[in-house]
Amino acid sequence: MFEIFGVPSQALFGQLLIGLINGSFYALLSLGLAVIFGMLNVINFTHGAQYMMGAFAAYLLLQYLGLNYWVALVVVPLLVGASGMLVERLFLQYVRQLDHLYGLILTFGLALVIEGLFRNYFGSSGEPYQPPDLLQGGQNLGFMFLPNYRAWVIVFSLVVCFVTWFVIERTRLGSYLRAATENPALVRAFGINVPRMVTLTYGFGVGLAALAGVMAAPIYNVSPQMGSDVIIVVFAVVVIGGMGSILGAIITGFALGIIEGLTKVFFPEASSTVIFVIMAIVLLIRPTGLFGRTA
Amino acid sequence: MTERTMAERTMTERTMVEMPALLVVEALQAWYGESHILHGVTFDVRAGEVVTLLGRNGAGKTTTLKSIMGMVERRTGAVRLDGRELIRLSSDAIARAGIAICPEERGIFASLNVQENLLLPPQLRPGGLDLAQIFQLFPNLRERFSSQGTKLSGGEQQMLAIARILRTGARLLLLDEPTEGLAPVIIQQIGRTIGALKAQGFTILLVEQNFHFAATIADRYYVMEHGRIIDRFSNNELEANMSKLHEYLGV
Numbered sequence: 001m002f003e004i005f006g007v008p009s010q011a012l013f014g015q016l017l018i019g020l021i022n023g024s025f026y027a028l029l030s031l032g033l034a035v036i037f038g039m040l041n042v043i044n045f046t047h048g049a050q051y052m053m054g055a056f057a058a059y060l061l062l063q064y065l066g067l068n069y070w071v072a073l074v075v076v077p078l079l080v081g082a083s084g085m086l087v088e089r090l091f092l093q094y095v096r097q098l099d100h101l102y103g104l105i106l107t108f109g110l111a112l113v114i115e116g117l118f119r120n121y122f123g124s125s126g127e128p129y130q131p132p133d134l135l136q137g138g139q140n141l142g143f144m145f146l147p148n149y150r151a152w153v154i155v156f157s158l159v160v161c162f163v164t165w166f167v168i169e170r171t172r173l174g175s176y177l178r179a180a181t182e183n184p185a186l187v188r189a190f191g192i193n194v195p196r197m198v199t200l201t202y203g204f205g206v207g208l209a210a211l212a213g214v215m216a217a218p219i220y221n222v223s224p225q226m227g228s229d230v231i232i233v234v235f236a237v238v239v240i241g242g243m244g245s246i247l248g249a250i251i252t253g254f255a256l257g258i259i260e261g262l263t264k265v266f267f268p269e270a271s272s273t274v275i276f277v278i279m280a281i282v283l284l285i286r287p288t289g290l291f292g293r294t295a
Numbered sequence: 296m297t298e299r300t301m302a303e304r305t306m307t308e309r310t311m312v313e314m315p316a317l318l319v320v321e322a323l324q325a326w327y328g329e330s331h332i333l334h335g336v337t338f339d340v341r342a343g344e345v346v347t348l349l350g351r352n353g354a355g356k357t358t359t360l361k362s363i364m365g366m367v368e369r370r371t372g373a374v375r376l377d378g379r380e381l382i383r384l385s386s387d388a389i390a391r392a393g394i395a396i397c398p399e400e401r402g403i404f405a406s407l408n409v410q411e412n413l414l415l416p417p418q419l420r421p422g423g424l425d426l427a428q429i430f431q432l433f434p435n436l437r438e439r440f441s442s443q444g445t446k447l448s449g450g451e452q453q454m455l456a457i458a459r460i461l462r463t464g465a466r467l468l469l470l471d472e473p474t475e476g477l478a479p480v481i482i483q484q485i486g487r488t489i490g491a492l493k494a495q496g497f498t499i500l501l502v503e504q505n506f507h508f509a510a511t512i513a514d515r516y517y518v519m520e521h522g523r524i525i526d527r528f529s530n531n532e533l534e535a536n537m538s539k540l541h542e543y544l545g546v
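Chains A and B, in that order, give the protein sequences. Note that the numbering used here has the first sequence beginning at 1, numbered continuously upward. Note that the numbering used here has the second sequence beginning at 296, numbered continuously upward.
What the hints contain is simulated information worked out from the structure, not anything from laboratory work. Possibly wrong hints are sitting among the right ones.
Stated by the list, open to error - Straight line, CA to CA, 20 Å or less: simulated DMTMM-like cross-link-like pairs of lysine to aspartate or glutamate:
no., chain 1, residue 1, chain 2, residue 2
1, B, Lys493, B, Glu438
2, B, Lys539, B, Asp526
3, B, Lys446, B, Asp425
4, B, Lys446, B, Glu400
5, B, Lys446, A, Asp99
6, B, Lys446, A, Glu127
As the list claims (entries may be wrong) - Here are some of the chain A residues that sit facing chain B, going by a computed Cβ distance under 8 Å:
no., residue
7, Arg89
8, Gln139
9, Arg172
10, Ala179
11, Asn183
12, Leu186
13, Arg188
14, Phe190
15, Ile192
16, Val194
Unchecked claim - Reference listing, derived: stretches of chain B covered by chain A, where coverage requires no fewer than 3 residues with Cβ under 8 Å from a Cβ of chain A:
no., stretch
17, 326–337
18, 485–496
19, 502–513
Glycine is no exception: its CB is placed at the ideal position from the N, C-alpha and C atoms.
Turn these sequences into a full structure, and let the hints steer you where they fit.
The structure is reproduced here in structure tokens:
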């Protein structure tokens with residue numbers, strides 16, 4: 001046991017870990033938002049509800065079909081992603097050429113409907129979800145206790161973020177995406193089916209949210225309002241990082257999780273507002289966000 | 296008349312008589328939102344020709360190219376490629392039918408490097424140029440392969456914009472003012488390139504303000520005004536129509 005700046009190391013590293021965990025979810029969620037905004041020009045307010053759907057889908061698969069966490073990790077993003085593609089085909093494709101406000105209101109309303117439906121069926125108390133057997137227990141690192149499941153969440157979300165960044169920034173498929181973000185009409189005139197790409201991109205972003213939901217299920221309670229709790233912070237993260245910047249979303253997500261955790265140690269009163277204070281400062285100095293390109 | 300222009304003339308005449316039209320545009324009308332831009336454009340381009348649309352700013356030349364490519368909100372009339380009707384197809388389907396566009400603003404993607412820009416348009420049909428052939432036409436692009444697309448000079452960007460549509464296998468190229476804002480030496484290079492493409496069997500529909508440039512490469516001309524074709528002549532009728540042309544273009 002030792003102290004850093006008068007704070008016990010257990011408390012410091014404990015909060016740092018919580019910060020990293022929260023940061024993992026901020027990064028995964030803001031990454032999905034950034035991908036969706038870049039391609040569809042829609043600010044996806046349904047993102048929190050889709051994250052919640054991911055957690056509930058994992059819970060329901062286990063409860064009614066006996067399908068475990070590992071199966072859910074693969075199946076749930078596909079299922080919820082497919083529901084997202086349906087939403088894009090049914091609604092979003094008609095509003096994304098209009099002012100941002102239309103997409104915003106549509107997705108916000110949709111989020112309220114989805115959360116209302118889940119609250120109606122499952123109540124708002126929340127359901128527990130056990131971490132998989134393989135990841136029960138933890139490691140004593142000497143200066144702190146590290147639960148295996150939490151270590152897994154941090155490592156896995158880093159991998160998912162890296163793979164997403166790599167695919168978008170370094171592959172042929174990603175070059176289609178980036179080009180279609182800049183000039184969809186011209187990319188389409190080169191013979192690429194841009195509307196189908198848009199649908200798949202929305203499905204992918206929603207799938208990322210659902211994946212985060214599955215990963216969150218063993219950590220937070222699976223409850224209908226879990227999405228709206230986190231999504232406000234995630235939007236602040238996206239604003240700080242810069243709308244539409246992939247790397248910005250990832251780095252800002254992790255960084256703000258850590259800053260939030262550290263604030264809990266050194267100035268607990270500000271821990272729930274620090275992200276919004278940073279957002280205000282960033283907006284004053286760099287309105288396009290830390291990683292945003294000036295339009 | 297010199298021997299060279301004689302040869303050109305017979306070449307042009309032979310083309311006109313024997314070659315069937317590759318592209319037929321009939322009564323083409325187009326709208327952007329409420330504004331009615333094209334009021335019934337009719338012309339054709341034969342296989343292997345270089346045809347130039349001339350006209351002042353706002354005459355509808357760019358809109359004609361975009362309408363052929365399916366890039367306007369609404370259009371009516373007929374656009375046929377090799378007899379196949381394209382008017383109801385989306386622009387990706389039109390691209391797959393064998394037409395490619397090099398837009399006026401060049402459309403180089405800032406978030407893509409030269410390589411990615413060059414490889415972006417997929418190969419849709421057999422018969423496109425391979426990279427070695429493209430580098431033969433545009434040696435500069437090989438040296439700038441990993442540069443960011445928009446870091447290139449205007450001339451290099453224009454060459455990249457033309458180069459990337461040569462891989463796709465499209466036989467009809469729509470080039471929108473490829474010389475705009477470029478230095479004379481670059482314009483000459485682009486002129487030689489278009490000549491080389493023609494020799495390789497590409498058919499080219501060109502929009503040009505720079506009519507002196509067009510005169511070095513075009514087989515035939517159509518003159519547009521207020522969204523209509525108002526005149527047409529072939530390259531060997533150019534001299535005779537010079538004064539009329541100056542009036543049309545206001546030069």
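Going down the list of hints, with the structure as the test:
1. B:Lys493 / B:Glu438: violated (25 Å)
2. B:Lys539 / B:Asp526: Distance ~10 Å between B:Lys539 and B:Asp526 Cα, so the pair holds.
3. B:Lys446 / B:Asp425: Not OK: B:Lys446 and B:Asp425 at ~24 Å, beyond 20 Å, violated.
4. B:Lys446 / B:Glu400: Cα-Cα ~15 Å, so holds.
5. B:Lys446 / A:Asp99: Violated. B:Lys446 to A:Asp99 sits at ~31 Å, over the 20 Å cutoff.
6. B:Lys446 / A:Glu127: Measuring from Cα to Cα gives roughly 54 Å; hence the hint is violated.
7. Arg89: violated (16 Å)
8. Gln139: violated (41 Å)
9. Arg172: holds (7 Å)
10. Ala179: holds (5 Å)
11. Asn183: holds (6 Å)
12. Leu186: holds (5 Å)
13. Arg188: Since the shortest Cβ distance to chain B is 5 Å, the answer is holds.
14. Phe190: Hint on A:Phe190: holds, closest Cβ of chain B at ~4 Å, below 8 Å.
15. Ile192: holds (6 Å)
16. Val194: Constraint on A:Val194 satisfied, holds at 7 Å.
17. 326–337: Violated - the stretch 326–337 of chain B has 0 residues with a Cβ nearer than 8 Å to chain A, which falls short of three.
18. 485–496: violated (count 0)
19. 502–513: This one is violated; 0 residues, fewer than the three required, reach chain A with a Cβ under 8 Å.
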